[in-house]
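Chain A is fixed; fit chain B onto it per the hints.
2 protein chains.
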Amino acid sequence: MKALLLVAHGSRRKQSNDEVVMLADKLKSRTDQYDVIHAGFLELAETLIPDGIKKCVDDGASSIVVLPYFLNSGRHVIEDIPEIVNQAKPAYPDVDIRIAPHVGASEQMMDLLISSANATR
Amino acid sequence: MKALLLVAHGSRRKQSNDEVVMLADKLKSRTDQYDVIHAGFLELAETLIPDGIKKCVDDGASSIVVLPYFLNSGRHVIEDIPEIVNQAKPAYPDVDIRIAPHVGASEQMMDLLISSANATR
Numbered sequence: 000m001k002a003l004l005l006v007a008h009g010s011r012r013k014q015s016n017d018e019v020v021m022l023a024d025k026l027k028s029r030t031d032q033y034d035v036i037h038a039g040f041l042e043l044a045e046t047l048i049p050d051g052i053k054k055c056v057d058d059g060a061s062s063i064v065v066l067p068y069f070l071n072s073g074r075h076v077i078e079d080i081p082e083i084v085n086q087a088k089p090a091y092p093d094v095d096i097r098i099a100p101h102v103g104a105s106e107q108m109m110d111l112l113i114s115s116a117n118a119t120r
Numbered sequence: 000m001k002a003l004l005l006v007a008h009g010s011r012r013k014q015s016n017d018e019v020v021m022l023a024d025k026l027k028s029r030t031d032q033y034d035v036i037h038a039g040f041l042e043l044a045e046t047l048i049p050d051g052i053k054k055c056v057d058d059g060a061s062s063i064v065v066l067p068y069f070l071n072s073g074r075h076v077i078e079d080i081p082e083i084v085n086q087a088k089p090a091y092p093d094v095d096i097r098i099a100p101h102v103g104a105s106e107q108m109m110d111l112l113i114s115s116a117n118a119t120r
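Line by line, the protein sequences give chains A and B.
Counted from 1, the first sequence has number 31 at position 32 by numbering that gives the first Met the number 0; the numbering is strictly sequential.
Counted from 1, the second sequence has number 96 at position 97 by numbering that gives the first Met the number 0; the numbering is strictly sequential.
Isolated chain A (complex conformation) (with noise of 0.2 Å):
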């Protein structure tokens, strides 16, 4: 059973948080390539990565992929991130967690950027 994390920062705004929930529900909607989608933290909002883990090993997850939801490959992505995850994985020794290339490596970020571009009104 695979399952999907999506990490963001977390805000101090509610509604920025609630976006990342609502993204990660979305994604659900759009794949089945991912039996369990949850949404995740570094911090500032609940659920926490830990906490997030848990919840999609708790759904029954046998391998889980960290997204992070980040555009740049600053400290949290390097450091924090992967920290994060090292530290809850002995927990799980039979699920299989790795963490996916952030939001911003992604190549098809060109094609995103000009179609946003071209969307101006």
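Calculated from the structure, these hints are not laboratory results.
The beta carbon of each residue, even a glycine, is placed where N, CA and C say it ideally should be.
Each statement offered as a hint is correct.
Short, incomplete list of chain B residues facing chain A, as computed with Cβ under 7 Å:
no.	residue
1	S15
2	T30
3	L66
4	A99
Here are a few chain A residues that sit away from chain B, every Cβ distance over 10 Å (derived from the structure):
no.	residue
5	D34
6	V35
7	L43
8	T46
9	G59
10	D79
11	E82
Relative to the frame of chain A, chain B by itself:
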């Protein structure tokens, strides 16, 4: 002559800002829809948005699309960027300056996320 100004938040970390500048350059090599493409920053980094707009105009732009490289529709996207752009407009009455939807609002984000998740090793 059409210009695109890719606007990111700006970081204290030089590498993050360089990534945005490189992204703007890469974008330039990917599309011929915009004659001029520059990067600009809301704060903490050069070039700031007003100077980015000036650069586009100096390069001959008759229209400028300001594209917010932001995932969430927070205060920066909703208030700060429009305010800065509106303050800059009167200096260039002959230039059509518009703001594109922010990156996180793109419908293509779903496909990008799934593709990033699938790129996990």
